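Trainee: Sequence:
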Amino acid sequence: MIKNLKVGLRGVSEKNAEKLEKIFQATGNRERTYSIAKLTDQTDLLIVDIDAKTFFDSKNHIDATNPETPVVTVGQSDKPEGSDYHIKGLLLATRVIRVLDQVKIPAGNKHDFIHGAQAPEAGHYKDGNGSDQGKAYAYAVLVVDDSELMRKTIALELNKASLPLSIDFAESGEQALAKVAAKTYDFIFLDVMMPGMDGYEACGQIRKIAEMKKTPIIMLSAKTSPLDEVKGVMAGCTNYITKPIKSDEFQNMLDRIMNWLSNYKKP
Numbered sequence: 004m005i006k007n008l009k010v011g012l013r014g015v016s017e018k019n020a021e022k023l024e025k026i027f028q029a030t031g032n033r034e035r036t037y038s039i040a041k042l043t044d045q046t047d048l049l050i051v052d053i054d055a056k057t058f059f060d061s062k063n064h065i066d067a068t069n070p071e072t073p074v075v076t077v078g079q080s081d082k083p084e085g086s087d088y089h090i091k092g093l094l095l096a097t098r099v100i101r102v103l104d105q106v107k108i109p110a111g112n113k114h115d116f117i118h119g120a121q122a123p124e125a126g127h128y129k130d131g132n133g134s135d136q137g138k139a140y141a142y143a144v145l146v147v148d149d150s151e152l153m154r155k156t157i158a159l160e161l162n163k164a165s166l167p168l169s170i171d172f173a174e175s176g177e178q179a180l181a182k183v184a185a186k187t188y189d190f191i192f193l194d195v196m197m198p199g200m201d202g203y204e205a206c207g208q209i210r211k212i213a214e215m216k217k218t219p220i221i222m223l224s225a226k227t228s229p230l231d232e233v234k235g236v237m238a239g240c241t242n243y244i245t246k247p248i249k250s251d252e253f254q255n256m257l258d259r260i261m262n263w264l265s266n267y268k269k270p
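So for the sequence shown, the numbering used here puts the first residue at 4; every next one is plus one.
Calculated from the structure, these hints are not laboratory results.
Here are the simulated lysine-lysine pairs, BS3-like style, with alpha carbons at most 25 Å apart: (1) Lys9 <-> Lys41; (2) Lys22 <-> Lys249; (3) Lys234 <-> Lys211; (4) Lys226 <-> Lys249; (5) Lys41 <-> Lys107; (6) Lys6 <-> Lys22; (7) Lys217 <-> Lys186; (8) Lys6 <-> Lys25.
Per label pair, the in silico range of CB-to-CB distance: (9) Val236 <-> Pro198: 17 to 27 Å; (10) Arg33 <-> Lys217: 49 to 59 Å; (11) Lys18 <-> Asn266: 35 to 45 Å; (12) Trp263 <-> Ala181: 24 to 34 Å; (13) Ala143 <-> Lys226: 24 to 34 Å; (14) Lys216 <-> Gln254: 23 to 33 Å; (15) Met196 <-> Gln254: 19 to 29 Å; (16) Arg33 <-> Asn162: 25 to 35 Å; (17) Thr97 <-> Leu161: 33 to 43 Å; (18) Lys249 <-> Gln79: 19 to 29 Å; (19) Gln45 <-> Glu21: 15 to 25 Å; (20) Gln28 <-> Pro247: 18 to 28 Å; (21) Leu230 <-> Ala181: 28 to 38 Å; (22) Asp81 <-> Arg210: 50 to 60 Å.
Treat the numbers as computed from the prediction; the structure is a model and nothing was measured. Glycine residues also receive a C-beta, built at the ideal position from the N, C-alpha and C atoms.
Using the sequences plus the hints, can you model the full thing?
Mentor: Listed below in structure tokens is the structure:
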């Protein structure tokens with residue numbers, strides 16, 4: 004029987020993620036196959052890029068991963084201390100598959116990609132120490148981006164928030180409008196360049212909804228021109244940050260949003 008293992012990615016660049024996806028697709032009809040985990044998937048193992056300092060700058064980050072989830076490190080340097088499996092250098096297909104095939108998957112091991120541990124029940128959240136805080140109000144956030152890797156990146160950053168969040172996702176401006184029409188969000192992350200309706204138009208349409216006139220909308224774009232930022236402000240965005248996302252910049256902005264929610268939008 005073919006067993007498809009879901010692989011979560013941490014700190015892996017978009018280019019290498021695409022390369023891994025092609026490698027996995029080429030594994031063919033094998034006894035053991037691999038695919039990149041989606042946001043809604045539970046993962047069997049994690050691939051961690053130890054060269055991505057934004058996410059992992061020490062062995063402690065690897066140790067912090069749920070110990071039941073096998074971790075494969077990848078990077079230009081030798082295997083770091085504490086890593087059982089390592090892929091050194093370029094992501095060559097034979098090297099990747101050879102290492103992954105060696106990974107021992109614990110029986111029944113299924114862990115949520117975003118949290119790195121078993122996901123809490125709906126309506127529950129966990130604090131920074133992993134303690135279940137029971138049912139609590141979760142602020143609703145919508146992440147709109149046509150890149151699955153970017154949605155995962157933002158979700159990982161949002162998981163560090165000081166308040167409990169309920170995260171929804173949309174892949175286009177049209178999907179974003181449909182979700183906003185059905186649900187009121189406390190803040191929104193909105194990509195600029197998307198097929199079909201772009202972020203500027205989607206932002207303008209969202210601002211026409213009475214309940215969303217003062218909702219923080221953070222636009223995300225690879226464009227760095229001041230004119231693009233001005234265009235975003237004119238469309239109604241609250242803030243404008245550029246890609247690739249810098250973790251410290253993102254967290255500073257997220258802290259401001261959390262403070263605003265605490266002071267002005269208490270449940």
